[in-house]
Every structure is written in structure tokens, then in C-alpha cells.
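So the protein sequences, as listed, match chains D and Z. My numbering numbers the first residue of the first sequence as 54 and each following residue consecutively. My numbering numbers the first residue of the second sequence as 13 and each following residue consecutively.
Bear in mind the hints are in silico, worked out from the structure with no lab data behind them. Glycine residues also receive a C-beta, built at the ideal position from the N, C-alpha and C atoms. Hints are not guaranteed to be accurate.
Said to hold, decoys possible - Just so you have them, the derived chain Z footprint on chain D, three or more residues with Cβ under 8 Å:
hint, stretch
1, 209-221
2, 248-258
Stated by the list, open to error - Only part of the chain D face toward chain Z is listed, based on derived beta-carbon distances under 7 Å:
hint, residue
3, 202
4, 234
5, 262
6, 301
7, 305
Here is what each chain is made of, one letter per residue.
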Amino acid sequence: MMKIAIASGKGGTGKTFVATNIFYTLLKNNYRAMLIDCDAEAPNSIAFFETKLVKEIEVTQLVPVINTDNCTYCGKCHEYCNYNAIFILPPMKIIQVIEDLCHGCGACRVACNFEAISEKPVSLGKVNLYSNNGKLSLIEAKMNIGVMSPVPVIKAAVKHIDNQAEIVILDSPPGTSCPFIQTAGTSDYVILVTEPTPFGLSDLKQSVATLRTLNKLYGVIVNRAGVGNRDVYDYLKQENIPLLFEIPFKKEIAELYSVGKIASEHDSSLSKQLFATVENIILKYGSSNSKR
Amino acid sequence: MEVAIVSGKGGTGKSSISAAFATLNGKVVLADCDVDAANLYLLFNPSHEEEKAFITGEKAFIDYSLCTNCGLCIDYCRFNAISFKEEMVSISEIACDGCRLCSRICPENAIGMIRNDKSKIYAGTFRNGKMVYGRLAPGEENSGKLVNVVREKAKQVAKENGLETIILDGPPGTGCPVISTLTGVDKVVIVTEPTISGLHDLERIVELVKKFNIQIFVIINKYDLNLSVTREIEKWCLVKKIPVAGCLPYDENIIKAMVNRKSIIELNPELEISLKLNMIWNRIKNQEK
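Please take these sequences and the hints and turn them into a complete structure.
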């Protein structure tokens with residue numbers, strides 16, 4: 054199995070566009086492919102395909118519950134908590150868990166010598182499993198509104214990848230911090246999508262720096278080629294970063310996307326070229342069982 | 013007055029719109045809260061009057077001269093960050109959440125913590141006021157906390173310089189940095205675009221903003237890319253009783269302005285899109301709750 058993450062520092066460069074189109078061309082070329090939407094704060098990939106919801110899995114996290122009958126207000130749990138999620142005023146006998154700040158690490162429970170802390174699960178979101186043509190093909194990580202971090206939901210989604218899959222496409226959340234690292238960290242190769250503008254370049258540099266610290270293989274797809282300037286290309290050349298493919302800026306492509314259609318289904322040259330791009334990556338870096 | 017510009021979906025034009033608002037009239041404090049992908053400094057090239065390191069969190073590391081490979085830390089770690097690798101206890105830097113529990117329970121005191129301190133916050137002057145922005149170092153976490161620091165600094169700078177308006181260019185999504193951007197602001201502007209994804213993400217961010225009781229405005233950017241979805245968004249906003257402050261046309265001058273390191277207003281204040289932005293900003297500024 055080979056896992057390929059589609060990512061970008063900047064939002065709206067076309068990650069979901071590239072991920073859904075690559076997934077489509079892989080299916081069309083008879084690969085056993087899966088698409089995992091890891092953009093748990095704004096998941097949008099599933100709507101592009103005809104799918105059937107197979108299963109909904111609740112993702113939870115444990116948070117502490119304090120039994121004030123046993124609590125001596127010693128403050129050890131507060132001291133153990135590295136996230137400031139326990140508020141305590143010993144003289145007033147006030148202790149409170151700030152659930153939004155809790156990461157569920159369990160340190161407070163270990164800290165407590167008086168059996169005053171138990172734990173309860175709280176919902177963080179859902180992992181939705183979808184089938185396409187009878188096979189489990191799409192997984193969506195969807196964080197509840199108001200939850201702080203999408204990372205636990207992303208982790209849970211990745212766990213449901215079917216072992217039989219040859220190629221797994223992960224649609225990454227934007228940015229370069231925790232959610233992106235979680236997604237890129239589990240992949241074998243990262244395709245960075247950028248656009249040839251100053252904002253695109255600045256965010257691309259940030260993504261590249263992060264992938265270098267993670268020691269990941271990566272290449273770049275330039276979307277909306279033709280707008281902006283040449284600085285992105287100069288940077289790629291100078292840093293020796295492979296330019297995998299350029300998607301020209303076409304209003305028709307934007308229109309198809311806007312109504313939830315897969316452009317590759319209507320544009321055979323785009324479909325062919327995208328497939329060739331991915332197949333190249335698979336042949337070069339894939340493990341033996343992902344190659345043909 | 014603190015105004016936050018956000019969007020559920022990335023790339024809807026938050027930064028270009030924030031830049032326009034920041035150059036429309038009187039001096040402002042502009043704070044870039046998209047710390048994962050801070051971009052406004054590219055347009056405004058602010059001076060660096062202040063620079064401060066920001067601690068994003070900690071990571072556990074093992075002192076192998078003390079470690080006896082007992083594996084107790086593996087049992088305690090809830091992030092599956094510790095495992096045996098080639099018969100040695102090993103901590104995955106990616107999976108480590110920095111909770112410190114392993115370090116506390118290790119019977120040999122063989123686990124220490126390293127602070128991530130490479131992220132920075134900057135404050136300075138730009139051509140239409142003061143600017144504050146944070147930059148998260150590659151691979152570092154906890155952008156919500158950094159957003160809080162950026163906002164505190166922005167408020168301080170506003171007070172010191174007698175500036176009334178603070179414009180916050182927010183991050184995309186609905187998670188922790190967005191929540192940090194929204195907490196306690198006076199007005200929020202949600203930028204969306206007429207795509208199925210845009211509408212879907214608008215619904216999610218509105219659900220989040222409603223938890224805060226903040227005055228909401230929606231801008232539909234590139235509305236002419238798909239008029240029927242634009243109408244659908246307008247209808248949805250009407251039902252939800254959220255004012256659409258205005259629709260902006262698709263205009264390649266937005267990218268031209270960016271390449272020239274200018275806001276669209278600075279590029280040409282007479283363009284249709286510039287005039288509309290001016291109208292929208294006045295509406296947002298002056299409309300009482």
C-alpha cells in the first residue's frame with residue numbers, strides 16, 4: 054500500500070480538487086484506491102462521488118471528572134496538567150475541569166492520590182465510512198463544531214483504511230501545524246499544491262520546511278498556472294524540488310468544481326495527465342504491492 | 013473595535029479582503045492571526061520594532077544513559093507516541109503531545125522535555141498603521157495560543173498608539189486557532205465563495221460563530237463564478253438572518269495587486285471591486301448590532 058497526502062500551506066489552492074481528481078483517475082484505471090478526507094474542520098471530498106454511507110463511528114476523548122467528596126484540594130492534578138485544563142482555588146474549595154483545554158492524557162488521574170478523579174468520554178467528531186461500487190472507498194473525518202483540535206478525529210479516520218487498498222489518497226487540512234503534520238506524517242509521499250502567487254510561494258516555503266523536518270518525500274503541483282508570476286518556478290528550480298504537474302487556470306474547471314463535479318470526468322487530457330503524474334510517483338516510490 | 017475576517021474554507025480571499033480594509037481609510041492595527049500561513053507581511057513589509065519568541069509546547073525525549081528499557085512509559089502514553097524500536101524505547105516526535113506524563117512517571121528519571129521555542133511574534137509599523145503577526149516555526153504546534161498572544165499584542169499596540177480599529181486576518185477552518193481568533197471580537201466577517209464546498213463550510217463556520225454571540229456579516233467573493241450557487245448562499249443567509257454585506261466579482265487585479273505587493277485599493281481605488289469593498293467596509297464599521 055502506498056499513501057499519498059495532498060497538502061498545501063495556503064487554503065484554497067486546490068487540494069480537494071487534486072485529491073478528488075487523482076482518486077477518480079485511479080479508480081478509472083482499476084486501482085484499488087481509497088480517498089481519506091482528513092480536512093476534519095471543513096471536509097468536502099465526499100460530495101464529489103456517488104457514495105453510500107456504510108458506517109458512522111463516534112470519536113471520543115476521555116476528560117476527567119472530579120469527585121469533590123474525595124478531593125483534598127492538594128493541587129497535584131493541576132500541577133500535573135500540562136494544558137492548564139484544571140482550575141483550582143484551594144482556600145475556596147473550588148476545582149473545575151476546563152474540558153475544552155483537556156487533551157485526555159490522563160496525567161491528572163495518575164497524579165491524584167485520593168481516588169478523586171475518574172474519566173468520562175466526550176464526543177469530538179465522527180469518522181464516516183462510505184462505499185463506492187460496493188467497496189469501502191471513502192473515509193471522512195468530521196470534527197464537531199466547537200472542538201479545538203481535529204487531530205484525534207484524523208487519527209481515528211486513518212485507522213479505518215482497508216488493508217486491501219493499493220493506493221490511499223489523503224486530502225490534508227491546510228496549514229503546517231498539528232493537523233497537517235498528523236496527515237503528512239502517516240504518508241509515504243506528499244504532493245504539495247500551490248499557486249503561482251506571492252501568497253502561494255510564501256506558504257509553499259513553510260510547507261517545504263515542515264516536510265524537510267519530517268523527512269518526507271514530496272513534489273509540487275502548481276494549480277492555476279498562468280496567473281501571478283514566475284517566482285514559484287524559480288524557487289522550485291533553485292531548491293531542486295520536483296514540479297510534478299501544472300494545472301492551467303481555466304474558468305470551465307472552476308465552474309465544474311463549483312457545482313461538485315469531477316473535472317477529469319469531462320476533461321480527458323487533464324485526467325490522463327494527472328494519472329500519469331501519480332503513476333510516476335507510484336512507480337518511483339511505491340512499495341512492491343502498490344506497483345503494477 | 014475588533015473585526016475578525018474568517019472563513020470555513022481556505023483560499024476564499026480573507027487576506028486580500030483584510031488588506032483592502034486595512035488600507036481604505038484611517039490608520040488601523042492589522043493583526044495576522046493565520047499563524048500557519050501568515051501572508052500579509054508580504055504586502056505591507058512592516059518594520060520589525062519588536063520580536064519575541066513564543067513557546068508552542070514541549071516534546072519528550074529519552075536520556076538513553078539512564079533508560080533501562082522497562083517500558084512503563086509505553087503503558088502510560090495515551091497518544092501511542094512511545095514504542096519499542098529495535099529493542100529500545102523510542103518516542104515519536106510527531107505523535108508526542110507534550111503532556112509530560114511519561115517524564116513524571118519514569119522511575120529512572122530518564123525522560124526530559126524540550127521546549128519548542130522557534131515560533132515568533134513580530135510587531136511593527138506599516139504604511140497605514142501598526143501591524144502584529146505571528147509565525148509558527150515549521151512543524152510546531154498549538155497555533156491557538158500563538159493567536160492569543162498576537163491578539164493581546166495588537167490590543168496593546170492599539171492602546172499605545174490611540175488606534176481604534178483592529179483588523180484580524182483569521183485562519184481557515186473551525187478549530188482552535190479560529191476559536192482563539194473569534195473569542196471576544198466585536199464583529200466577524202465570514203468570506204465565502206459560490207461553490208458547494210464554500211456553502212458547506214459557511215454553514216459550519218456560522219454554527220461556530222453563533223456560539224459566541226458576535227455580530228456576523230457575510231461576503232460572497234467571486235460571486236460571478238457561479239450565480240446560481242451565489243443565490244443559494246444568499247437565500248441560506250436570509251433564512252438564518254445573517255446579513256450579506258456584499259458580493260465581490262472575480263477580478264484578476266486581486267492577483268496583480270498581490271504580485272505588486274499592494275492591496276487592491278492601493279492598486280486602483282476606482283475599480284468596481286475596490287468601490288464595493290469600500291461600501292462593504294463602511295457598512296460593517298457603522299452598522300450597530
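Chain Z contact restraint for residue 202(D) - C-beta distance below 7 Å: holds, 6 Å
Satisfaction of the residue 305(D) interface hint, Cβ to chain Z closer than 7 Å: violated, 11 Å
Coverage of the stretch 209-221 of chain D by chain Z (three or more Cβ within 8 Å): Since 0 is below three, the answer is violated.
Coverage of the stretch 248-258 of chain D by chain Z, judged on three or more residues with CB within 8 Å: holds (count 5)
Interface hint outcome for residue 234(D) [beta carbon to chain Z under 7 Å]: holds, 6 Å
Given hint residue 301(D) near chain Z, where the shortest CB pair must fall under 7 Å: Since the shortest Cβ distance to chain Z is 14 Å, the answer is violated.
Residue 262(D) as chain Z interface residue, shortest Cβ-Cβ below 7 Å: Since the shortest Cβ distance to chain Z is 4 Å, the answer is holds.
Violation of the numbered hints given earlier is confined to hints 1, 6, 7; the remaining hints are satisfied by the structure.
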